[in-house]
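Go ahead and model the full structure; you've got the sequences and the hints to work with.
Heads up: the sequence lines are chains A, L and D, in that order. Residues 1 to 498 (the numbering used here) are what the first sequence spells out, left to right. Residues 1001 to 1356 (the numbering used here) are what the second sequence spells out, left to right. Residues 2001 to 2347 (the numbering used here) are what the third sequence spells out, left to right.
One or more hints might be untrue.
[Unchecked claim] Covered stretches of chain L, as calculated for chain A (at least 3 residues, CB under 8 Å):
1. 1060 to 1069
2. 1079 to 1087
3. 1158 to 1164
4. 1268 to 1280
These are computed hints drawn from the structure, not numbers from a lab. All of these numbers come straight from a predicted model, not from anything done at the bench. We treat Cβ as the ideally placed atom computed from N, Cα and C, and that holds for glycine.
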Amino acid sequence: MLLSGLIVLVALIPLFFVIGYVVSIGWDQAIALTWRPRVGELLRNTGLLVAGCVTLASVIGTGMAWLVERTSLPGRRVWNVLLVAPLAVPAFVNSFGWVSLTAKVEGYAGALMIVTLSYYPLVYLPVAAMLRGLDPALEETAAALGYGPWSTFVRVVLPQLRPALLGGSLIVALHLLAEFGALQMLRFPTFTTAIYDQYRSSFNGPAANMLAAVLLLSCLLLLTLELRLRGHQRYARLGGGSARDIPRRRLGRAAVPSLVAVGGLTTLALGVPIGSLVFWLVTGSSTGFPLGDLAARTATSLGLGAAGAILTMALALPIAWLCVRRRGRLTMLLERSTYFGNAVPGIVVALALVTVTIRFAQPVYQTVVLLVVAYAIMFLPRAMVSVRAALVQAPPVYDDVSHALGSGPLETLRRVTLPLIAPGLGAGTALVFLAIVTELTATLLLAPIGTQTLATQFWSNTSSMAYGAAAPYAALMVLLSAPVTVLLTRDRWRSMPI
Amino acid sequence: MTTSRMTTSRMTSVTVRNLTKSFDSTTVLRGIDLTVPEESVTAILGPSGCGKTTLLRLIAGFDGPDEGEIFLRGQLVCGGGRFVAPQHRRVGYVPQEGALFPHLSVAGNISFGLRGSERRDGHRVEELLELVGLEPVVQQRFPHQLSGGQQQRVALARALAPRPSLILLDEPFSSLDAALREGTGRAVLEALKATHTTALLVTHDQSEALSLADQVAVMRDGTLAQVGTPHEVYRAPADLGVAEFVGAAVIVDADVVDGWASSDLGPLAVMPGFDTGPARLLVRPEQIELVGSSQVGVEARVVDVSYFGHDAALHLEVLASGRLVTARVSGTSVPVPDTVVRVSVTGPVAAYSPEV
Amino acid sequence: MRFNARVASAAGLVAVVLGVAACGTSNGTTDPGSGSGDRATLTLYNAQHEDLMKLMVADFTKATGIKVNMRNGEDFELANQLVQEGAASPADVFVTENSPAMTLVDSKGLFVPVDDAALAQVPPQFAPSDKGWVGFAARSTVFIYNAEQVKAAALPTSIMDLAKPEWKDKVGISAAGADFQAIVSAVLALKGEPATAAWLTGLKDNAKVYQGNGAVMKAVNAGEIQGGVIYHYYWYKDQAESGANSNNVKQLFFGNQDPGAFLSISGAGVIKSSKHPAEAQQLVKYLNSPAGQKVLADSKALEYPIGNGATANKVLKPLSELSPPTVDVTTLNGPKVVELMQQAGLL
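So this is what it looks like as structure tokens:
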């Protein structure tokens, strides 16, 4: 219990830092820094983008999920994988794909399109999973009562999809609030890009920290809203399959337009960025193929990813174990606290850690250790979801049975508990690994001298417009992400730990 | 607290003395005393939340009591500072819903408690499958491929594999359909008899307890209200609470004079032990019989009939008093609603003083 | 497909080892080659262009055997970081693209005076009076414009013109960059706060914000915007390569001592808390020594060398013809500029 408490306290350092900072500079200063037109502009931009993206992503995600799960769409299995695949392409690579080919993609419209294309799978996945598990009896009853297909969808299916839709939308919104690279390339200023600009101009000056405070507040509001609307279900966990298969709607003449829609979406979301990468790989004129650098950056990314993933999962284990095995008020509090980590974007974490370590923990400053700790703080909430889901696979009754059959605690751990939780833990580790390998923002701020990951090297190349040089790094990131993304499409992983 | 009326000349498998357990501020078990004779089946019968599962877990060793002692086969396993861990108690455990290890096959599950060569052999597994009435082909299947009843049988086989002398079953048949329950219950009993295993099962289903057990312990609010044979518990319950829990009951208030009471159901013979005085009398529905018009009885109007095929429940309104009673009669001759019939109570009834 | 945790952790372990090995080799380490191996290693906080500094540092290491690790960043990012780090900073030398960042660090007392020998190598206007740092390269502010879209008559005569209504949506700037902020600091020093604030407000209405001067030039070249404010060497560099991003672009040097002709100085200074002050001074001295200036002049950087006797690349407009305004480098106030830009809504 003590260990878990300590972990949670460390994880909340960024939150405490921002609150402490606002308190320390005083109310007047805080207001003066926040109540200015620029912040209004950023709020408007960010708000409009979030609203637009969440709406579009929900519509697209639900529509596609419906097509794949409930209709006779040809090639369903392939589409299922292709529709999820954009998750393997980080948003900033997606942006790069479009921006490097044409400058017309910019501003609000460009940003909206690219973030929607990048994030709709986060709604698609839970909605599709939920559709798979719905009880057909409800829809059949509605039909018997005279509801047409559209009314049935709106009045019977949609309400059941609510948890999946809300959860997916929240994740999209949080990702968006933390998004930096993609939006910076599109010259669309939001809080995160503004914080980064401030950082470049004034390091961790007051304006940067205040912007961080506003951003943090927005995320916390979103999180609280979601908690209210959904209650205790934090991940879209489904029951053990429906009683029987739901008959699929035959598309008939709608088949061709549907295929065009799905194909078009896939081309835009996957085809363009990957095609662009291939184009730049082939025709890159800035530099040759720096194999040595590529290998070094890949090794760094892999090393940091592995270290970060293992640390994060290790930290999540005691907390999740407490939450699953020893439910109580204190453990509920611990769990809720780690959940709030979702509300702290990477840039705020980085900024907070920079200031905190310079002032209180100099030896750790600018070290790989700090960077890995930052990753652990950022991804602890996701790890918690995976670890919880894994631990649920080995409830205490199995321990009891094993003991009664003569196996002591250690033997039970080896023969029963570990085999049952290993797949879930493995998947969780893979997901955190993926997140770290594609992480850009915090790494930019915290990486020690001379350490470059695939993401930061890619960024530095794109900033100096050396697109050809940037392409190999992007390609490697996509390749590393692909296997884990495939995992997500398998039936087994019904909980959404993203 | 009533002590067991069974003879203690045989070895006891389990002896529990003054067992007390609280969780936070709630006392779940209050000074339980219980003896389970070897090679018998004892059922602990009680409503949800009365503490019966806790008792089972304490005997298994998954938790420790606040006070009291537990003896297994005459050895102290818990109490007086001593606590034997569950893996050393050699007590079989079958949880509700079976809880088969999902990552192991049926064979893997059953042989889990076996050691060394016995585990590697396949013989014991096949032996046990036969014992619980399952085909050997089931061995290679995985738990999710089995039906509920099959899973329960495999769970029993798994618990029996290491040859424990005592086996604990937690609501073993509650997850099964009614049709399966009796068959599975019989199979379980046969397996236990064949292996000379003592069984202690907890259940909230009184028909299960009455039909399967040699000894029934009725638990209420953390104490044992009565321990006795199914017949004793049903026909001579310790108090009206037990009476109503164990079966349907018609309670008649009347005065007992010299072992007889007259009531609106006619004359009632009272069981020995209560001679005279005001009393509350327990009449079971099956004691209310239809009699011919020339015999001793009272008239009642048939309000409703629930026909079950093999028997029927008649909902009657006694004309003289307006009391509504339920009578259980054989299904061979069932009266029609709104007719008037004559009923009489057969057999002695249990009597309780009014304050109880 | 069951994810085998054991294989994953084994792979992870291998990756961690690789990663640590990779992290250990800093990308700024120069090959010692010849030279004694037991000299100190310097840590350079570098805000100048990475490729230029790599060349100069490599030449320095070849000549002295002293290795240099570079931490690359932006002018103010690194300056503020130095201020935050204070006495615990690992930096030995700080190099910037523009001088306001040097002034900031100097004002906090974090520099040790530069050796006179280094100061003697450049004309006196390229170092502050307190000798906290010294310049080694210069760049001129220019106005670039799309040759087809902007006719000679419409060209601005002063950089201050760009805030006027006729330039609405036609001009581009890299507002978050230290380069533009240095230019603003010159405007502030020359025209005063009210005029600068008004100018910035006008720019907020008129200008499109880009990330980096290269992006501004690319946009002008493509005709997205008609003009932009950057430094001189971007156009020359691109022309030297393929001209893909500059063939439609022409450069206007304002001259006339207009703020728009501001000559910004790249500076180098020795950090007070440096553990290797002697070697640090050597590095600073090298930068504006004839050898260093030659490397600079010969490189593709195309900035102006300012060392005594150094000659710039022939393609550049000669330094003597530029007629920049006279600015005391110590008056260029970085934090104030950031504040004004925040108020105008550009940051």
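How the hints compare with the structure:
no., hint, in the structure
1, 1060 to 1069, "holds (count 3)"
2, 1079 to 1087, "holds (count 3)"
3, 1158 to 1164, "holds (count 4)"
4, 1268 to 1280, "violated (count 0)"
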